[in-house]
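Engineer: So the chains spell out like this:
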Amino acid sequence: MPIHKRKHQGADFVEPDLPITPMLDMSFQLLAFFIMTFKPAPTEGQIMLTLPKEEGGGPSIPNPSAPDPPKHYIVRVVATDPGGRIEKMTLIEDGSAATTPKDLMGDIKLYQKELQALDAMLKAEKKPGKLTLELDAKLLQDHVMLLVDTGIRAGFSDISPVPIDKTKR
Amino acid sequence: MSHGSNEKCEPNFTPLLDLVLQLVMFFMLCANFVMADTGVEIKLPEAVAAKPLDAREDYVYYLNVNEKGQVIFPELARPIGSDGKPIESTDNPAQLLVILRNRANEDRRAAGPGNEDKPLRTLVVLRVHKECPFDKTYGIMKACRSAGYLRVQLRAILHGGDIGS
Numbered sequence: 820m821p822i823h824k825r826k827h828q829g830a831d832f833v834e835p836d837l838p839i840t841p842m843l844d845m846s847f848q849l850l851a852f853f854i855m856t857f858k859p860a861p862t863e864g865q866i867m868l869t870l871p872k873e874e875g876g877g878p879s880i881p882n883p884s885a886p887d888p889p890k891h892y893i894v895r896v897v898a899t900d901p902g903g904r905i906e907k908m909t910l911i912e913d914g915s916a917a918t919t920p921k922d923l924m925g926d927i928k929l930y931q932k933e934l935q936a937l938d939a940m941l942k943a944e945k946k947p948g949k950l951t952l953e954l955d956a957k958l959l960q961d962h963v964m965l966l967v968d969t970g971i972r973a974g975f976s977d978i979s980p981v982p983i984d985k986t987k988r
Numbered sequence: 017m018s019h020g021s022n023e024k025c026e027p028n029f030t031p032l033l034d035l036v037l038q039l040v041m042f043f044m045l046c047a048n049f050v051m052a053d054t055g056v057e058i059k060l061p062e063a064v065a066a067k068p069l070d071a072r073e074d075y076v077y078y079l080n081v082n083e084k085g086q087v088i089f090p091e092l093a094r095p096i097g098s099d100g101k102p103i104e105s106t107d108n109p110a111q112l113l114v115i116l117r118n119r120a121n122e123d124r125r126a127a128g129p130g131n132e133d134k135p136l137r138t139l140v141v142l143r144v145h146k147e148c149p150f151d152k153t154y155g156i157m158k159a160c161r162s163a164g165y166l167r168v169q170l171r172a173i174l175h176g177g178d179i180g181s
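As they're listed, the protein sequences go chains A and B. Following the working numbering, the numbering of the first sequence begins with 820 at its first residue and continues without gaps. Following the working numbering, the numbering of the second sequence begins with 17 at its first residue and continues without gaps.
Keep in mind that the hints are not guaranteed to be accurate.
[Unchecked claim] Reference excerpt, derived from the structure (chain B facing chain A, CB under 10 Å, subset only):
1) 25
2) 29
3) 67
4) 71
5) 96
6) 97
7) 143
8) 161
Don't read these hints as lab results, they were simulated from the structure. Backbone N, C-alpha and C define an ideal beta-carbon position, used for all residues, glycine too.
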């Protein structure tokens with residue numbers, strides 16, 4: 820390290836010369852490394868699922884002391900083949916007298932609207948709701964997530980995705 | 017500095033160095049270090065209702081599922097197979113069930129005697145590729161249920177706006 824000696828007000832003092840340039844070079848190299856390797860991470864989150872019950876168990880016996888059982892709605896989704904997109908959706912209330920399911924025409928907005936109406940009705944009746952999504956085996960995860968996400972946003976918290984084919988459950 | 021004097025003319029690098037070091041510090045702090053469990057490259061679907069992982073969850077088991085429905089185990093978290101070798105991936109539901117049962121048994125042992133019937137401490141998070149067909153995802157969910165894991169969550173990219181429109 821070079822040391823400069825200067826005369827200052829008649830007394831000798833040493834002025835150290837700190838070499839900034841190599842430090843700056845190194846800092847630039849570090850900066851270049853971090854800029855090139857920088858990749859902002861997408862924020863991930865979770866959606867809670869209700870796993871369906873094991874098939875093959877005995878028939879459930881209603882418990883008279885239990886509070887109101889939840890109203891159970893089933894949305895059946897048929898996927899396009901090939902493609903795995905939503906082709907057709909129908910909605911039915913489990914155990915209701917209605918024999919023909921409501922056709923949602925594969926429209927996610929109509930599905931959302933129907934679920935919101937059902938949730939409002941359940942809230943007015945102060946009853947819990949349960950939503951089962953009967954999904955085509957070929958339906959892609961992107962669309963499964965869209966259906967679950969829309970269901971949660973409509974107000975349902977108990978959502979269970981199962982295959983249409985009951986033998987595969 | 018007067019013309020013709022012997023004094024040296026040097027640019028002042030110190031503020032520049034300060035600035036560069038601050039930038040280095042920023043990029044170092046924001047650097048995205050690869051996590052052992054979620055380091056597998058999976059294209060996740062988007063969801064508005066997804067919530068960040070609860071910080072109180074101490075035991076989380078990530079299952080990374082690719083578009084073919086194969087469960088990929090990250091290098092640092094590979095389970096050991098029956099042949100004593102680490103398993104990189106599996107698309108066999110029976111093999112996955114064995115892996116999950118082994119883990120569930122560890123959870124039961126950790127819970128201690130008399131607590132075997134309590135819910136397992138581990139939360140299973142499925143990181144499923146957005147193009148994975150539902151029958152594959154359901155097979156994995158079924159294996160989780162059979163192994164005793166009832167707390168299963170689907171992972172998604174948090175989305176701020178309205179999707180599906």
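Engineer: Are the hints correct? Go through all of them and say.
Structural biologist: Status of the hints after comparison with the structure:
no., hint, in the structure
1, 25, "15 Å, violated"
2, 29, "4 Å, holds"
3, 67, "5 Å, holds"
4, 71, "13 Å, violated"
5, 96, "27 Å, violated"
6, 97, "26 Å, violated"
7, 143, "8 Å, holds"
8, 161, "5 Å, holds"
Checked against the numbered hints given earlier, this structure breaks hints 1, 4, 5 and 6; the rest are met.
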